[in-house]
Every structure is written in C-alpha cells, then in structure tokens.
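Enquirer: Please put together the full structure from these sequences, using the hints given.
Residue numbers (this note's numbering): 1 to 345.
The hints are simulated quantities; they were obtained by calculation from the structure and are not laboratory data.
A hint or two may mislead.
What the hints assert, rightly or not - Cut-off 30 Å, straight-line C-alpha distance, at most; resulting in silico cross-link-like pairs (DSS-like, lysine-lysine): (1) Lys172 with Lys269; (2) Lys172 with Lys228; (3) Lys172 with Lys271; (4) Lys228 with Lys269; (5) Lys299 with Lys172; (6) Lys299 with Lys271; (7) Lys228 with Lys271; (8) Lys228 with Lys299.
Fair warning: this is a prediction, and the values are worked out from it, not measured in the lab.
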Amino acid sequence: MAIVTVPDTASVPTAALTTLRLGGPAARFVDATSAEDVVAAVREAGDEVLLVGGGSNLVIADEGWPGTVVRVSSTGHTVERSGDTALVVVEAGTEWDTLVAATVADGLGGLECLSGIPGRTGATPVQNVGAYGVEIAEVLVDVDLYDRRTDTVHERVPAAELGLAYRTSVLKGRSDAVVLRVRLRLSTDATSAPIRYAELARALGVEQGTRVPAEAAREAVLALRRGKGMVLDPDDHDTWSVGSFFTNPVVDEDRAPADAPRWPAGEGKVKLPAAWLIERSGFPRGYAGPGGRVALSTKHVLALTHRGGGRTADLLALAREVRDGVRARFGIELAPEPVLVGCRL
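Expert: Following this line, the structure appears as structure tokens:
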C-alpha cells in the first residue's frame, strides 16, 4: 500500500485522479492495492475520506479535498463455470473495460454492451452502470462491502438489497459503504445479451432482440463509443469528461414533448433522451462554456468536456447553463449523473 502524506507546503492534485482532469488538492493520498489495504486505509483515514477508482464519474471542487483520498487499486478476477453460466468474482480496483475484454475473450457473454466504459469495477454497482440497453443490475449477483459505521466487512450482500435503479443505488453518494469486490453471473456460450438498443442493432445489421457473438457486439459498441468521444484518449479533449453528464429524465407521459423520442418507464411514465432536450434548447455540439476552457463535446452534447486550462467552476457554470436552458424550454429538470464532491449545481 503506497501512502503519500503531504506537507504543509505541498499538495496532491486530485485532477490527476479524474478523467476530467479537474479538481483541487488533497491533503493525503493512499493507493490501496488489495481489499485488506482498502479497509485499513479507510479505517485510518477517519471521517474525511474520498474513495476514487478510475475517477471517471467524479466532479471534484477546485478547493479539493481536506482529508484522505483512497484510490482503490485491488485487481484481478476469477471464473467458476457451472453448466451454461459462470460466476465471475472481481476485485473492486480492476479496470472495467479490461474485465469486459477478458470475459469476452474467455467466451463469456453479458458484459459486451458495457464495453469501453471507463473506470473501475467497484463503481459499477454504485452507479448501476449501463449502456446500449444493458445495466450491471442484470448480471450482478452480490458484492462484498466494508461498512465504516460498524467497522465490519459484509460478504456477499445480494444485489437485491442494493436498491439498483436507473444510474443509481443505495450506495451512491455514500462514503460509509465501500465496495471491495463484486460477483457477476455471465453466460458461457460466447453470445451477447439480446440487442435491445436500436442504434446498436443497426450497427450490427440485426433486428432488436437478436443475440450475436459477444465479440461482434463488443467491437460494434466500441466503434459507436469512439464516434461519440466516449472511449478515453489523452489526445482527444472530447474524452476529458465524465461521459454523460446528465441522466435521461423520467417524466409523466403527458409532460413529454409531442415530438420527443421516448421509452416506456413504468405506468404513465416515459424516459426522454437528455441529448435531444439539450440540442433543442439551443445547445449544439461544441457549445463553449466560460472562456472556451470547457465545452459540450464536438461529438455528443451529453458530454461536458474540459478543453484545457479550466477549473471545476467553469464546468459547473456550463452545466447550470444547460440545465437551466432545458428547464426554460421544456419545464423538465435534468439531473447530474456524476458524483459531485465539495460542489453542487
């Protein structure tokens, strides 16, 4: 376990720990390379602890973090096959797309539509990560958690107890429950989950609901994500982001704009594409925020990007402008998807 304690005259920039490359200094930094080290570091840190994985879903204030930042860097996974399924046990610090690539290469299906998502595995149940018609909730069996309140490790907490919903769970925004590892149930037939997302079905040349080779689905998803600046590339400022900044709002059906695309979201409810609302509220791709230091992606309006030399305050100003513009145009409130640390909209 690597520990960096900062003297009064120095600091650890949290910007280096996030995909936005924004955020102020932290007083102390710990890189925990095993589940046991994660527990020890969090226990020692006391109340002011910020957990970081890949930093792909964090917006950290310019003032930084006054306590300890613990980066979860425990890695590795095991596979236990049983008939037509396999139980995959994954350490929380494992890079998510590394895991997806490994499972696809191993002939396992279920994660291929989640290819290219940045970050680490421990964050996936926290956000109920999803893309292209698949959510982690569909394959998650259980998690191991460290409960800071009771100083106890709880093994195999069932997915059903995590309150998994659209881009959220009971774990989101909490620092008292730390994910140490996750267990996933995947298929062993090297075939994808049913292709539900129309854009992906078109890219694959199949009907919605069709299952395809998992490798083909992964390659198609990666191509679509690259086209939207959603695969990390240090030379592409469109990827200096947290991915989708706003969730797709769920509204009463009678409140939805008549010409808006929609998906059913329960009785009397529909889910609307936030990108459609943003574009029709006067915010095109590449729309610049303060000083041009931040902007909407040139490829996809749902991503708010850092163009270099910016501050978190710049990003938040742009986010507020977009949120307020959509509210004024449609009367619909957009909610942020990333976790805001020391700041708010």
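Enquirer: Would you check the hint for Lys299 and Lys172, treating anything up to 30 Å between C-alpha atoms as holding?
Expert: holds, 28 Å
Enquirer: Tell me if the straight-line CA distance from Lys228 to Lys299 falls inside 30 Å.
Expert: holds, 5 Å
Enquirer: Lys172 and Lys228: Cα distance at most 30 Å?
Expert: holds, 26 Å
Enquirer: Does Lys271 sit within 30 Å of Lys172, going by the straight-line distance between their CA atoms?
Expert: holds, 21 Å
Enquirer: So if I understand the rule, the pair passes when the alpha-carbon distance is 30 Å or less; does Lys299 with Lys271 pass?
Expert: holds, 22 Å
Enquirer: Holds or violated: Lys228 with Lys269, Cα cutoff 30 Å?
Expert: Within the cut-off at roughly 28 Å; holds.
Enquirer: Could you grab the alpha-carbon distance between Lys228 and Lys271 and see if it respects the 30 Å cut-off?
Expert: holds, 21 Å
Enquirer: Are the Cα atoms of Lys172 and Lys269 separated by 30 Å or less?
Expert: With Cα atoms ~23 Å apart, Lys172 and Lys269 stay inside 30 Å; holds.
In terms of the numbered hints stated before, the structure departs from none.
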